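Protein chains in written order, with this note's numbering: chain E, 10 to 516; chain R, 3 to 429; chain W, 214 to 374.
No lab work stands behind these hints: they were computed from the structure. Hints are supplied without guarantee of correctness; some may be wrong.
[As the list claims (entries may be wrong)] In silico PhoX-like cross-links for lysine-lysine, where the CA-CA straight-line distance does not exceed 25 angstroms:
id, chain 1, residue 1, chain 2, residue 2
1, E, K106, R, K197
2, E, K73, R, K197
3, W, K350, R, K190
4, W, K283, R, K190
5, W, K350, W, K367
6, W, K313, R, K190
7, R, K145, R, K29
8, E, K37, E, K106
9, R, K411, R, K375
10, E, K289, E, K361
11, E, K37, R, K197
12, E, K140, R, K76
13, R, K255, E, K37
14, E, K79, R, K197
15, E, K205, R, K29
16, R, K7, R, K190
17, E, K205, E, K130
18, E, K184, R, K190
19, E, K483, E, K241
20, E, K308, E, K286
21, R, K190, E, K206
22, R, K338, E, K149
23, E, K149, R, K7
24, R, K197, E, K102
25, W, K367, E, K206
26, E, K269, E, K206
27, E, K259, E, K289
28, E, K142, R, K29
29, R, K9, R, K255
30, R, K197, E, K93
31, R, K145, W, K367
32, E, K205, W, K224
33, E, K106, R, K375
34, R, K124, W, K224
[What the hints assert, rightly or not] Over 12 angstroms on every C-beta distance to chain W, these chain R residues come out as not near it, computed from the model:
id, residue
35, G16
36, D98
37, S204
In this text, all values refer to a predicted model and were calculated from it rather than measured experimentally. Every residue, glycine too, gets a C-beta built ideally from N, C-alpha and C.
This is what each chain is made of:
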Amino acid sequence: MSQESQVTQLPKETITFNLNDRDITVPKGTTVMEAAHRNDVYIPHFCWHPGLSIAGVCRFCLVKVDNRPKLEIACNLQATPGMKVSTLLPEVKEAHKWALEFHLVNHPLDCPICDQAGECKLQDFYMEVGKYKSEMDRPKVLKPKALNVGSELVLDTERCILCDRCVRFEQEVTKTGALGIFNRGDRAIVGTYPDKKIEHNYQDNLVDICPVGAFTSRDFRFKQRVWFLKDKPAVCPGCSTGCHVNVYAKPEVRTYFRVKPRESAVNSHWMCDTGRKTYKHLNQDQRLRFPVATDTTGKRKRVSTAEAVASLVAQLRSVAVQDVALLVSPQYTCEEYAAFFDFFVKKLGVTKVFQWREPTEKLEEFDGLLYRGDHNPNTFGLSEALAKVGLPKDVKNGFDDLARSGAKLVVALAPEIGFQFPSLESQFQRLSELPFVSVWTTSAAAYNVQAFKHLLPLKGFAEKRGSFLNYQGKVGELAHPFPAAVDDAHDVVEVVTAVADVWAHAL
Amino acid sequence: MSEAKPKIILRTEGLPDQRSIKTYVDKAEGYTAVRKVLGGLSREQVIEEVKQSGLRGRGGAGFLTGLKWSFVPKDMPGPKYLICNNDESEPGTFKDRYICAVNPHQVIEGMIIAAYAIGANKGYIYTRWEFQEEIGYLETAIKEAYEAGFLGKNLLGSGFDFELDHYSGAGAYICGEETGLISSLEGKKGQPKVKPPFPAVSGYLGRPTIVNNTETLANVPWIINHGPKAFRQWGTEKSPGTKVFSISGALNKPGVYEVPLGYPFESLLNDEGGGMQAGRSLKALIPGGASAPVLTPTECEGLTMDYEAMAQRGTMLGSGAVIIIDDRQSIAELLKVTIDFFAHESCGQCTPCREGTGWLNNIMDGILDRSAKPDNIERLRTVSRNMGGKTICALSDACAMPVMAFVQKFSDELHAYLAAGSGSHRQ
Amino acid sequence: MSVFSESLQAKIQSFLTRYETRRSAILPVLHAIQDEHGWVSEPQIEELHHTYGLDRVHVKEVISFYDIYKDHPVRKYQIRYCKNLTCHMLGAREAICRIKEHITALDAQLGEDGPFSLEEFPCLGKCDGAPVMLVNKERVEYATVDRVDEILAKYAPLPKL
Numbered sequence: 010m011s012q013e014s015q016v017t018q019l020p021k022e023t024i025t026f027n028l029n030d031r032d033i034t035v036p037k038g039t040t041v042m043e044a045a046h047r048n049d050v051y052i053p054h055f056c057w058h059p060g061l062s063i064a065g066v067c068r069f070c071l072v073k074v075d076n077r078p079k080l081e082i083a084c085n086l087q088a089t090p091g092m093k094v095s096t097l098l099p100e101v102k103e104a105h106k107w108a109l110e111f112h113l114v115n116h117p118l119d120c121p122i123c124d125q126a127g128e129c130k131l132q133d134f135y136m137e138v139g140k141y142k143s144e145m146d147r148p149k150v151l152k153p154k155a156l157n158v159g160s161e162l163v164l165d166t167e168r169c170i171l172c173d174r175c176v177r178f179e180q181e182v183t184k185t186g187a188l189g190i191f192n193r194g195d196r197a198i199v200g201t202y203p204d205k206k207i208e209h210n211y212q213d214n215l216v217d218i219c220p221v222g223a224f225t226s227r228d229f230r231f232k233q234r235v236w237f238l239k240d241k242p243a244v245c246p247g248c249s250t251g252c253h254v255n256v257y258a259k260p261e262v263r264t265y266f267r268v269k270p271r272e273s274a275v276n277s278h279w280m281c282d283t284g285r286k287t288y289k290h291l292n293q294d295q296r297l298r299f300p301v302a303t304d305t306t307g308k309r310k311r312v313s314t315a316e317a318v319a320s321l322v323a324q325l326r327s328v329a330v331q332d333v334a335l336l337v338s339p340q341y342t343c344e345e346y347a348a349f350f351d352f353f354v355k356k357l358g359v360t361k362v363f364q365w366r367e368p369t370e371k372l373e374e375f376d377g378l379l380y381r382g383d384h385n386p387n388t389f390g391l392s393e394a395l396a397k398v399g400l401p402k403d404v405k406n407g408f409d410d411l412a413r414s415g416a417k418l419v420v421a422l423a424p425e426i427g428f429q430f431p432s433l434e435s436q437f438q439r440l441s442e443l444p445f446v447s448v449w450t451t452s453a454a455a456y457n458v459q460a461f462k463h464l465l466p467l468k469g470f471a472e473k474r475g476s477f478l479n480y481q482g483k484v485g486e487l488a489h490p491f492p493a494a495v496d497d498a499h500d501v502v503e504v505v506t507a508v509a510d511v512w513a514h515a516l
Numbered sequence: 003m004s005e006a007k008p009k010i011i012l013r014t015e016g017l018p019d020q021r022s023i024k025t026y027v028d029k030a031e032g033y034t035a036v037r038k039v040l041g042g043l044s045r046e047q048v049i050e051e052v053k054q055s056g057l058r059g060r061g062g063a064g065f066l067t068g069l070k071w072s073f074v075p076k077d078m079p080g081p082k083y084l085i086c087n088n089d090e091s092e093p094g095t096f097k098d099r100y101i102c103a104v105n106p107h108q109v110i111e112g113m114i115i116a117a118y119a120i121g122a123n124k125g126y127i128y129t130r131w132e133f134q135e136e137i138g139y140l141e142t143a144i145k146e147a148y149e150a151g152f153l154g155k156n157l158l159g160s161g162f163d164f165e166l167d168h169y170s171g172a173g174a175y176i177c178g179e180e181t182g183l184i185s186s187l188e189g190k191k192g193q194p195k196v197k198p199p200f201p202a203v204s205g206y207l208g209r210p211t212i213v214n215n216t217e218t219l220a221n222v223p224w225i226i227n228h229g230p231k232a233f234r235q236w237g238t239e240k241s242p243g244t245k246v247f248s249i250s251g252a253l254n255k256p257g258v259y260e261v262p263l264g265y266p267f268e269s270l271l272n273d274e275g276g277g278m279q280a281g282r283s284l285k286a287l288i289p290g291g292a293s294a295p296v297l298t299p300t301e302c303e304g305l306t307m308d309y310e311a312m313a314q315r316g317t318m319l320g321s322g323a324v325i326i327i328d329d330r331q332s333i334a335e336l337l338k339v340t341i342d343f344f345a346h347e348s349c350g351q352c353t354p355c356r357e358g359t360g361w362l363n364n365i366m367d368g369i370l371d372r373s374a375k376p377d378n379i380e381r382l383r384t385v386s387r388n389m390g391g392k393t394i395c396a397l398s399d400a401c402a403m404p405v406m407a408f409v410q411k412f413s414d415e416l417h418a419y420l421a422a423g424s425g426s427h428r429q
Numbered sequence: 214m215s216v217f218s219e220s221l222q223a224k225i226q227s228f229l230t231r232y233e234t235r236r237s238a239i240l241p242v243l244h245a246i247q248d249e250h251g252w253v254s255e256p257q258i259e260e261l262h263h264t265y266g267l268d269r270v271h272v273k274e275v276i277s278f279y280d281i282y283k284d285h286p287v288r289k290y291q292i293r294y295c296k297n298l299t300c301h302m303l304g305a306r307e308a309i310c311r312i313k314e315h316i317t318a319l320d321a322q323l324g325e326d327g328p329f330s331l332e333e334f335p336c337l338g339k340c341d342g343a344p345v346m347l348v349n350k351e352r353v354e355y356a357t358v359d360r361v362d363e364i365l366a367k368y369a370p371l372p373k374l
């Protein structure tokens, strides 16, 4: 997480060794496992993790080295010049069979009810290297199941293969040390101190790193079989860190299920639990499903996008440009800001532009790992876009200024992620008191404010292309959108294009 | 065989007040080796003497002591540690206990010299908790040594400091493994550490550390005083010196005896050990503690007590714990006792050991209550064979080797045991 | 208000500064607590955590790993009887049976105040005195079945079986 600025690579001495008949050059001191990981050679393993220290306990990453009689574990083996390593020899495959057999000796046959099925390392290796015919015909060791050890977690100690990743994560990443492994031998059991819970904002990383279904996500529990999910890379919109993520959905039913971190220099292998919730607002029950405008009697009704756009243009034409204001949340992409300001500021000449921010936010807050007090993904991008069109760029919540500005028509890009905004509801109420407000939003919450007469549904972050600039100005790309969960949703670029088009023809 | 038995270790045995520093100094060249070393030998010279002597670790592994000491980096600044492994938990072993009860000061003197050789200024004696009496003896001896100026700062005006403290275990065989011991000393579970790095380079708290067995250290003063050649007058080429053996079972004089390495087993059993008890005969021998594969009486013919002879027969000298199995004994029960021990003691870190020892115990229970099918006996061997050579420490092998030996050599008896069950248990 | 006696507090403090790290003091501290109380309770673990800086997860791991530490109340005399090789061969089983009979009878009478508990234990390192047992810190050799009654009676009166 602190890799951002320390990327001044000092030239390091390198060595070359041979891995599966391929010569690989790595910095001196690299282990065979690390070298393999960086060069797309997969060495089966459980307990090793690129973001954690070496444990060497699963004894699964066995490799054949030179002519040494005993197989070695790759995770603790430093590559030396000229070393010849094989992961493919029959000897290695044979060793894997029993290495896996030992892992399965006391493992419960929970697959039919276990969330990990489909992304479980035991299952994967079983298919690849298993003995298939087990010789274990004795009663298994039983341990406590379905334990509540944290608000986001369910722990099943019977499924646990004691790889120690979770213990190391607690010690090394969050430095909270809430987990231990108690007892000896096959009575060993992972857990928190009795009746204590894990209480930090990084619990779901334990679910990610657990190779089996011991740690599972409470939020995801029993919701969906993973082989039905598709995942696409995106950037988390929860705060200004901009962790790289994968969003998981089942597009056929237009439902999103979870968000997981994607390894990058920004966030290493992790993300916070708050960010994991940024899929919920994309689901249909929370979405604004269709555009809304008023009929001639002033009553709200569902309209088509074209009708909504036409209605907005008509309203725009009926007021002077100094009576128009823009209220912009820092949760939109740079491309959307460019298009939006291009039309409203450069073309129409709007000067009253305000930022839609949470008044109680503490921008300087940082939990020391990833989560920042700026709960918006593109504050930086918005500031830059404002500067580009000659407007003040300082970060400031503009609600009071908007109220004082005397604006009669407001076009508002509402915050997409509302659950971190305690003032959102009261802000909606204040906004709705103005004469005409066109709210562009993903959220059904705006629809529920009866006083809003003009609403346009937008695509969520996982449904559009664009980029965010994180707190350091680093680009985070949204390049692989899912089809929008809601038919009439568009992104701001598409809406502005339509508005500009109608505006031009209306002249 | 009635030549005078050499006494390198048990020199004060039987003397009045055998444990006191006065007896050690007056009657057993006490602390003269330390004077010689601190009086002008360099660290390299000390290591060389011990290397030349061919002294091998007496805890069970039999690794060359001088060679081990030489692995400590010579010019690394910062603390180094010398630790006496007095955890003695290998079943059948009770010789370190005896050494502490008879001649604790020789252990301390050995530690001072070893610490000097590797550049350590702090040492610990780690004793298993169950040796409460012996812990008392050691703490008294340490106090006496401090009072006499053999421990503490600037020993004998040499400028060399050595502080020695005692640390008690808490009931875990795995703390006899050197890195398991180090983990325990660090206040943690006694789980062995992944190697590399090795303790000589990075051990206790990441510092260079040497862990030596009690008996190994007790050899050092004599070697310094009398030299490697004198040490080598006993024993064999590859196993020089003496060994303190603990022998137990249904024999007339079970106990602890120091004899030269290479001593005939028959003499140890019949002379020192007083022979089998009346009416008993030898059914099997475990020569080096529970982790040493069993030998049949035939294999005991001509057997000498040294590392090579044992290795030749597919077993090991180990800790020198000689366990006599008499004709009354049920191999099935002894096999269960052995497996149960390792399953209880496995630290649980590595999958093959944790699951393997538990599985073997599980299978063995099925054999004992005769609910198992005959193929389970062979399964003991299959599981054992695959447990070995792939773990962080040797406990997995320590369980697997004896199991394979018992099953291979007493297969008939095990099958007969299983078959003797009543019909209702069998399928 | 500490859960430890004054003298125990002093002992704990001295252990904390005796070794290279505070954490190293965990094993000796737990021994000191057990010397006075026989076992380690949760309030004691909490005080070690809050007052003495010995992390409760570390302490719990140690208690659960080693055979000697107990996290539940113990009887006045804890018998640890070796069930390993030589002791097994020289009569451990019969002696253990006899001890269990006594304990059953005593507990039927006295419940949790029964003076003895029995743990079958790994090798105690005194095989020339087989069969061997520990009663608290005291080693008892030749604890054969025919001597069990007289040995136990030294610690507590035994009802007739």
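Here is what the structure says about each hint:
{"no.": "1", "hint": "E/K106 with R/K197", "in the structure": "24 angstroms, holds"}
{"no.": "2", "hint": "E/K73 with R/K197", "in the structure": "17 angstroms, holds"}
{"no.": "3", "hint": "W/K350 with R/K190", "in the structure": "23 angstroms, holds"}
{"no.": "4", "hint": "W/K283 with R/K190", "in the structure": "16 angstroms, holds"}
{"no.": "5", "hint": "W/K350 with W/K367", "in the structure": "15 angstroms, holds"}
{"no.": "6", "hint": "W/K313 with R/K190", "in the structure": "34 angstroms, violated"}
{"no.": "7", "hint": "R/K145 with R/K29", "in the structure": "20 angstroms, holds"}
{"no.": "8", "hint": "E/K37 with E/K106", "in the structure": "32 angstroms, violated"}
{"no.": "9", "hint": "R/K411 with R/K375", "in the structure": "19 angstroms, holds"}
{"no.": "10", "hint": "E/K289 with E/K361", "in the structure": "33 angstroms, violated"}
{"no.": "11", "hint": "E/K37 with R/K197", "in the structure": "19 angstroms, holds"}
{"no.": "12", "hint": "E/K140 with R/K76", "in the structure": "49 angstroms, violated"}
{"no.": "13", "hint": "R/K255 with E/K37", "in the structure": "60 angstroms, violated"}
{"no.": "14", "hint": "E/K79 with R/K197", "in the structure": "14 angstroms, holds"}
{"no.": "15", "hint": "E/K205 with R/K29", "in the structure": "60 angstroms, violated"}
{"no.": "16", "hint": "R/K7 with R/K190", "in the structure": "43 angstroms, violated"}
{"no.": "17", "hint": "E/K205 with E/K130", "in the structure": "29 angstroms, violated"}
{"no.": "18", "hint": "E/K184 with R/K190", "in the structure": "18 angstroms, holds"}
{"no.": "19", "hint": "E/K483 with E/K241", "in the structure": "20 angstroms, holds"}
{"no.": "20", "hint": "E/K308 with E/K286", "in the structure": "35 angstroms, violated"}
{"no.": "21", "hint": "R/K190 with E/K206", "in the structure": "22 angstroms, holds"}
{"no.": "22", "hint": "R/K338 with E/K149", "in the structure": "18 angstroms, holds"}
{"no.": "23", "hint": "E/K149 with R/K7", "in the structure": "53 angstroms, violated"}
{"no.": "24", "hint": "R/K197 with E/K102", "in the structure": "24 angstroms, holds"}
{"no.": "25", "hint": "W/K367 with E/K206", "in the structure": "47 angstroms, violated"}
{"no.": "26", "hint": "E/K269 with E/K206", "in the structure": "22 angstroms, holds"}
{"no.": "27", "hint": "E/K259 with E/K289", "in the structure": "13 angstroms, holds"}
{"no.": "28", "hint": "E/K142 with R/K29", "in the structure": "67 angstroms, violated"}
{"no.": "29", "hint": "R/K9 with R/K255", "in the structure": "19 angstroms, holds"}
{"no.": "30", "hint": "R/K197 with E/K93", "in the structure": "20 angstroms, holds"}
{"no.": "31", "hint": "R/K145 with W/K367", "in the structure": "33 angstroms, violated"}
{"no.": "32", "hint": "E/K205 with W/K224", "in the structure": "28 angstroms, violated"}
{"no.": "33", "hint": "E/K106 with R/K375", "in the structure": "24 angstroms, holds"}
{"no.": "34", "hint": "R/K124 with W/K224", "in the structure": "22 angstroms, holds"}
{"no.": "35", "hint": "G16", "in the structure": "16 angstroms, holds"}
{"no.": "36", "hint": "D98", "in the structure": "8 angstroms, violated"}
{"no.": "37", "hint": "S204", "in the structure": "15 angstroms, holds"}
The structure fails hints 6, 8, 10, 12, 13, 15, 16, 17, 20, 23, 25, 28, 31, 32, 36 (numbered hints given earlier, in ascending order).
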